[in-house]
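Participant: Residues per chain, in single letters:
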Amino acid sequence: MFCTSNRPEERRFVRACWMSAALVTPLVLGAAAAFRFYHLHGIAAYIVAVLPTIPILWVLVELGRFLAVEKDEFQRNILIQCVLGGTGGTLATTTIWGYLEDFAHAPHLDLIWVYPIFWLFVVVSYPVVRMRYR
Amino acid sequence: MTDCIKNPAGDHMEDRILFIGMPLLVANIAMAIWGIGYRHLHAAGAYLPAILFALMGVAFIVIFGLYLKEEQDEFQRDLWVQALLWGIGATLTIITFWGSLVEFELAKGLKLLFVFPLFMLITCIARLVLRLRYR
Chain R
18 MFCTSNRPEE RRFVRACWMS AALVTPLVLG AAAAFRFYHL HGIAAYIVAV LPTIPILWVL
78 VELGRFLAVE KDEFQRNILI QCVLGGTGGT LATTTIWGYL EDFAHAPHLD LIWVYPIFWL
138 FVVVSYPVVR MRYR
Chain U
980 MTDCIKNPAG DHMEDRILFI GMPLLVANIA MAIWGIGYRH LHAAGAYLPA ILFALMGVAF
1040 IVIFGLYLKE EQDEFQRDLW VQALLWGIGA TLTIITFWGS LVEFELAKGL KLLFVFPLFM
1100 LITCIARLVL RLRYR
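Chains as they are written, first to last, in our numbering: chain R, 18 to 151; chain U, 980 to 1114.
Please keep in mind that the hints were generated in silico from the structure rather than gathered at the bench.
Quick caveat, the model's predicted, so the values are computed rather than measured.
Backbone N, C-alpha and C define an ideal beta-carbon position, used for all residues, glycine too.
Among the clues, some could well be false.
Some chain R residues near chain U, calculated using beta-carbon distances under 7 Å [said to hold, decoys possible]:
#1 Ala50
#2 Phe54
#3 Ile95
#4 Ile97
#5 Thr104
#6 Leu108
#7 Thr111
#8 Thr112
#9 Ile113
#10 Trp136
Using the sequences provided together with the hints, build the complete structure.
Facilitator: Okay, structure coming up:
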């Protein structure tokens, strides 16, 4: 989305996204291996389990920071609308799927999928929001 | 009346909640009371009550989206947007942490249905805190 930008705020946000994506895979594999081979218990197990989520949440923090420092109001407004689109889409999907799980025995959707669903809706919202301002 | 003239977007939202959201809420409550026994429904028969229940949540999302679109007072809209951003950020944080604990069998699974109330709770708290900040 911002790959071609020369602005430092955008570059920092994009860099955080790429670094997070690069960190998640080894951390997930590392955590899975640690549970498999060391049979972790207690506080160590909790720490290792949440470790792969740290880079994921780092992107959220960077997104918040980016929205706070972004000087171009138009660009910020577009991003906010995309995030709100993502929020609405995510809440609608989880609510509908939740009730389908309860009543229609739909397959269980793990909580870990809520975050990718949110970004999927943000990305889908982006061209829609941009089209409105053409 | 004066408030309605001052803030037509807020007035429209109240009307939509009153005439769309509330009837759906009442229908939900009635179905929940009646529906204790309809978990035995299968296939297509079970999808209808599930979708009807979910409609209320979706309706509130749409009503709020329309409010944000219509709100002319930039300060009020900005307050809500900030609260919503805090709400989604904190909700995703909690859900991702919890989901990871569930994946490694360290916590019990949380139903997807609770994502929406959790988001609403955090957004309302954020809104209160933001209002206090701007007093």
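Participant: Each hint should be assessed against the structure and marked as holding or not.
Facilitator: Hints, verified against the model:
About 12 Å separates the beta-carbon of alanine 50(R) from the nearest beta-carbon of chain U, more than 7 Å, and the hint is not met. Below 7 Å, beta-carbon pairs count as interface contacts, and phenylalanine 54(R) has none with chain U, the closest being about 14 Å; its hint is therefore violated. The interface hint given for isoleucine 95(R) is violated, since its Cβ lies 13 Å from the closest Cβ of chain U, which is over the 7 Å cut-off. For isoleucine 97(R), the suggested interface contact is upheld, since its CB lies about 6 Å from the closest CB of chain U, less than 7 Å.
Of the supplied interface hints, the one on threonine 104(R) holds, with its beta-carbon coming within about 5 Å of a beta-carbon of chain U, less than 7 Å. For the restraint placing leucine 108(R) at the interface with chain U, the shortest Cβ-Cβ distance is roughly 5 Å, inside the 7 Å limit, so the hint holds. With a cut of 7 Å, the hint placing threonine 111(R) at the interface with chain U holds, because the nearest CB-to-CB distance is about 4 Å. With a cut of 7 Å, the hint placing threonine 112(R) at the interface with chain U holds, because the nearest CB-to-CB distance is about 4 Å.
A least Cβ separation of about 4 Å between isoleucine 113(R) and chain U falls short of the 7 Å threshold, and the interface hint therefore holds. Contact between tryptophan 136(R) and chain U, as hinted, is not supported at the beta carbon level, the nearest pair being about 10 Å apart and thus beyond 7 Å.
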